[in-house]
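Peer 1: Take a look at the letters that make up each chain.
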Amino acid sequence: MRGISWQGLAVAFGALGLLTSLQTSDDDNPHARAPRGVSLVVTEGAYLRAPGADWFAERAKAEPGRFTHDATLAGGIGGWVDAKGEYWFVEMEEGEWVYNQWASPERLTAGRRDFVQFCSSCHGLEGDGYGRSAQHLRPTPRSFQQNKFKFTKVIADLPSDEALLAVIRRGLAGTPMLPWDLSDVQLLDIIQYIKSLSPEESGWRDVYSQVGDAIEVTEDPWVDIKERAIVRGREVYHGAASCHLCHPGYVTNEELRVIRKDPEGTTYRENLTYPALKDSEYEVLGRATKVMPPDFTWHQLRAGITTADLFQTIASGIKGTAMPQWKGALPDEDLWALAHYVEDLIVSYKDQRPERSAFMGGLRTSGDNR
Amino acid sequence: MLGWGPCFRHMERENSSLSVCPHPQESDPDPPAMRTPSLGRALILSSFLLTACGGGGDTPAPPPGGGPGAGPGAGPGTQAPANGGSGGAGQDTAPEAWSDGAGTATVSGSATFNGDAPTPVQIAMDSDPKCVEMNSDGATDASVLVGANGGLQNVFVYVSKGTDAWTFTAPEEPVVLDQKGCNYTPRVVGMMTGQALRVQNSDPTVHNVHTYPKKNRSSNVSQPAGSKPLDIEMKRGEVLVAVKCDMHAWMQARVGIVDHPFFAVTAADGSFTLPKLAAGEYTISAEHEVFGKASKQTITIGDGEAQSISFEFSK
Amino acid sequence: MSMLKTLLPSFALLRSRWLGCPLALMLTSTWALAQDKRWGPGEPASDYGDRFYDLFWLITILVSVAFALVVVLLVIPVLRDRARPGHRASFDHGKSLHDKRLTAIISIVTFIVLDAWVLVIAMKDLREAYWAIPDAKDPQTYRVEVLAQQWAWNFRATGVDGEFGTADDILTINELVVPLNRPVSFNMTSKDVIHALFLPEMRLKRDVNPGAINEAWFKPIKEGDFTILCAELCGFAHYQMYGKLVVLEQGQFNEWEAEASRLASTAFDADDTEAHWAWDWQE
Chain R
1 MRGISWQGLA VAFGALGLLT SLQTSDDDNP HARAPRGVSL VVTEGAYLRA PGADWFAERA
61 KAEPGRFTHD ATLAGGIGGW VDAKGEYWFV EMEEGEWVYN QWASPERLTA GRRDFVQFCS
121 SCHGLEGDGY GRSAQHLRPT PRSFQQNKFK FTKVIADLPS DEALLAVIRR GLAGTPMLPW
181 DLSDVQLLDI IQYIKSLSPE ESGWRDVYSQ VGDAIEVTED PWVDIKERAI VRGREVYHGA
241 ASCHLCHPGY VTNEELRVIR KDPEGTTYRE NLTYPALKDS EYEVLGRATK VMPPDFTWHQ
301 LRAGITTADL FQTIASGIKG TAMPQWKGAL PDEDLWALAH YVEDLIVSYK DQRPERSAFM
361 GGLRTSGDNR
Chain H
1 MLGWGPCFRH MERENSSLSV CPHPQESDPD PPAMRTPSLG RALILSSFLL TACGGGGDTP
61 APPPGGGPGA GPGAGPGTQA PANGGSGGAG QDTAPEAWSD GAGTATVSGS ATFNGDAPTP
121 VQIAMDSDPK CVEMNSDGAT DASVLVGANG GLQNVFVYVS KGTDAWTFTA PEEPVVLDQK
181 GCNYTPRVVG MMTGQALRVQ NSDPTVHNVH TYPKKNRSSN VSQPAGSKPL DIEMKRGEVL
241 VAVKCDMHAW MQARVGIVDH PFFAVTAADG SFTLPKLAAG EYTISAEHEV FGKASKQTIT
301 IGDGEAQSIS FEFSK
Chain F
1 MSMLKTLLPS FALLRSRWLG CPLALMLTST WALAQDKRWG PGEPASDYGD RFYDLFWLIT
61 ILVSVAFALV VVLLVIPVLR DRARPGHRAS FDHGKSLHDK RLTAIISIVT FIVLDAWVLV
121 IAMKDLREAY WAIPDAKDPQ TYRVEVLAQQ WAWNFRATGV DGEFGTADDI LTINELVVPL
181 NRPVSFNMTS KDVIHALFLP EMRLKRDVNP GAINEAWFKP IKEGDFTILC AELCGFAHYQ
241 MYGKLVVLEQ GQFNEWEAEA SRLASTAFDA DDTEAHWAWD WQE
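Chains as they are written, first to last, in the numbering used here: chain R, 1 to 370; chain H, 1 to 315; chain F, 1 to 283.
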């Protein structure tokens, strides 16, 4: 080992370390984190639909200083600047309020960079929902060219940034969609980029589409009388709402007859205690796929299983699937009762194997239940 | 890009007397309430105050006035007018408003099906006893209805080209689609862009109204027995949008949406009439929910004339 | 140095402490970590788990002893031959024949005692357990096809009909249910990048490579819920690929399998060919 200067080697290593540490600060170099081989620079910004005036007015009140607007001054024009320095504005057009958001090229480039790195493996490089890891996957990853989102709990056509952010942060249980723990800035950039993937005249580039927040969680009228909520929920589930047409019925035929006030001898759908496969609007390679309504005592629910989550999901429906919007069709009181009933099914039987098989087995063996 | 920084740019605008450059600490803690937007208040965008504040000196300014249409990307300003539908390709003159008495020509004809009429398939409605009750004689699949002499019912016939010279006003009254006896009546309807499709539930059971459009927004709303009718608007022309009830998988309807009143649905014998056309050249298309599009027909028609065309469908 | 001198006045005492302390520390901390559910692999729950557990402890103990010995052998001359009043610092290069012989003997003995011992046991374990893939034709063998992807585990079991690629195949994501006391055999591949199936309680860990079908197996001997992890290091979300392994006693398992199969048949869409991904079982 003669000839090697150990001190020299140590100095060389130290210098190398110092150089590397100097190079790691890539804030000044926007391309430092860009994966190679993918064209990343977005040269033009995009106009996208933004939340409505109510959203704007509420935020302006809630966070004075964060937003500025002169809607009252100019009679129709409002503008505000968000925390990222992005300018948003609203304007009046043909007697209708149109809300737009301008996403800058820099922001979209940053969004695309993170999208390619974190999202594209499933959602595809161009957001078509068919990336490398999306193959054979059911339910299918969302196509951002289709502009339908299942679990944003929004009644409007499109979810607001906040509603989308909530879904990405929470993830979708039982699917490869993780609860993403990226920074808010990163996620909001990705969301702007996702919105810009809408084809012309569709989604966030559609003049007619509305953007909205997740449906409001109203006051739970059953909060102290859960038992009664569950009884009522069971009646609504099998009665007015007829959830058992797609989801499993959790009663015997006899009980169903009583709930629905049908005459003696009425029979119901085959396999009443199993869900029925339903059409959906979600397409893979141009072909519509089907979606299985969950059996609450068996399947994992995607968008949360608290009473409030269930209320929101039932009220807003699940976009693109057979699950319709129930808000307005049934009074809130009944929606809450349904939420309590479903929650009770989950808590009592999901992952409780002996209890579940006793319960479902009882329904299946009793009397005329097929 | 680190949130709030010093105000770096103020966009100069005509009449913009205000230069607001807010900072969280300095701004008005109680900004004036937003004026509630009211439909039909067409306001001139006289003042366009734009401030772009925050960190990052390289944040580009919003594009100049004139709204979104002036900028890159697809702003609503560049979108089709409210009527949507077939754009005026290559039109030199601005379209004029259509007056109802302008047309006197009539195109009539029939749609026929080549081949043996398929035997009607029995629908199993046993998932919902209420439906079984209402169809005590048994219900058959009505997607293909072949009448006398091979006449094909429920074909949507419409002018697909030749109406660009006019703009049309949609009628106020909605097109009604009734859910009766666990089926849609009528099965195929036509309507104009901007017109409402009023879906009502006359059944003692629940339905969900799920539209499957490609160009318009889809919707899926449930309608329990005794619910109020539901108005669905389609803003863009789109021929044969499916309307389905997912709860009763056999329930299907089709809606043809065009931006003019020249459309018809064939009767039980396959016949149709397109009245009140103005003189000119038209392309007429026909589409059936199962057999798809028939080959288009181009006709030239003069004032007061009547012409006859026919469409053929096969498997 | 002066502090050391005050702390460790007696040479003899020093010798024993320096041997004992690191050894005790290493063993107790390893043991403590291994006991804690959050850190350790827990008690083995597969029939060959003990083998790997034993080997793990053997290596840990041997390496701990060797490490402690080396530390002591290093520290002793440093202290013994240091400069101090009345003693000049001394060292030699160990170039004499005696030293070289000593080094050679220590190396050979270390190799025989540590490496060869471990190697022999490890080879035996590999042959008798890890590579002893159960016969797939044996009806006792429960076969599972594993399709890894960013960022989830897709599992496919045959369902009640015992055949892959049929309507009643049980498809689960991040959850695997297996019967107790029956060998579970995996065929594994990946859609995208390398993953590594890791069932810590079962003492099973195997890479899952795209473009290749890797095999692995285990035989659960304890009922309950266990962990499924991805042990792949490189990549930003492998750590989030966790799932639940459920071991059920045969009767309960049959019930579960029948129900899962039935639900799978309900969810099966024959026209949606893109959704079907089973492959012929590889042995």
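A few of these clues could be false.
Unchecked claim - Restraint-style ranges between C-beta atoms, simulated for each label pair:
(1) H/Asn-135 <-> R/Glu-254: 20 to 28 Å
(2) F/Lys-244 <-> H/Ala-117: 51 to 59 Å
(3) F/Ile-194 <-> R/Glu-254: 51 to 59 Å
(4) H/Ala-268 <-> R/Gly-265: 34 to 42 Å
(5) F/Gln-140 <-> H/Asp-126: 54 to 62 Å
(6) F/Glu-215 <-> H/Asn-135: 50 to 58 Å
(7) R/Ser-183 <-> F/Thr-28: 39 to 47 Å
(8) R/Glu-126 <-> H/Thr-298: 57 to 65 Å
(9) F/Thr-28 <-> R/Val-217: 31 to 39 Å
(10) R/Glu-216 <-> H/Ala-124: 39 to 47 Å
(11) R/Glu-126 <-> H/Asn-135: 43 to 51 Å
Said to hold, decoys possible - Heads up, simulated SDA-like pairs for lysine to any residue below, C-alpha to C-alpha not over 20 Å straight-line:
(12) R/Lys-290 <-> H/Ser-218
(13) R/Lys-278 <-> F/Asp-272
(14) R/Lys-290 <-> R/Pro-105
(15) F/Lys-244 <-> R/Trp-298
(16) H/Lys-228 <-> R/Pro-331
(17) F/Lys-244 <-> R/Gln-352
(18) H/Lys-296 <-> H/Ser-314
(19) H/Lys-315 <-> H/Asp-303
(20) R/Lys-148 <-> R/Arg-170
(21) H/Lys-214 <-> R/Gln-210
(22) H/Lys-130 <-> R/Glu-264
(23) R/Lys-350 <-> F/Glu-232
(24) H/Lys-214 <-> R/Pro-331
(25) F/Lys-205 <-> F/Glu-232
(26) H/Lys-215 <-> R/Glu-283
(27) H/Lys-228 <-> R/Gly-328
(28) R/Lys-261 <-> H/Pro-204
(29) F/Lys-244 <-> R/Gln-145
(30) H/Lys-214 <-> R/Glu-281
(31) F/Lys-244 <-> R/Gly-239
(32) R/Lys-290 <-> H/Pro-213
(33) F/Lys-222 <-> F/Ala-167
(34) H/Lys-215 <-> R/Gln-146
(35) R/Lys-290 <-> R/Ser-143
(36) R/Lys-278 <-> F/Ser-265
(37) R/Lys-350 <-> F/Ala-258
(38) H/Lys-315 <-> H/Gly-115
(39) H/Lys-293 <-> H/Ser-219
(40) H/Lys-215 <-> R/Glu-264
To be clear, the hints were calculated from the coordinates, so they are not data collected in a lab. Just so it is clear, CB atoms sit at the ideal spot from N, CA and C, and this is done for glycine as well.
Peer 1: Checked against the structure, which of the hints given earlier come out wrong?
Peer 2: Numbers 5, 8, 9, 14, 19, 23, 24, 29, 31, 33, 39 and 40, in rising order.
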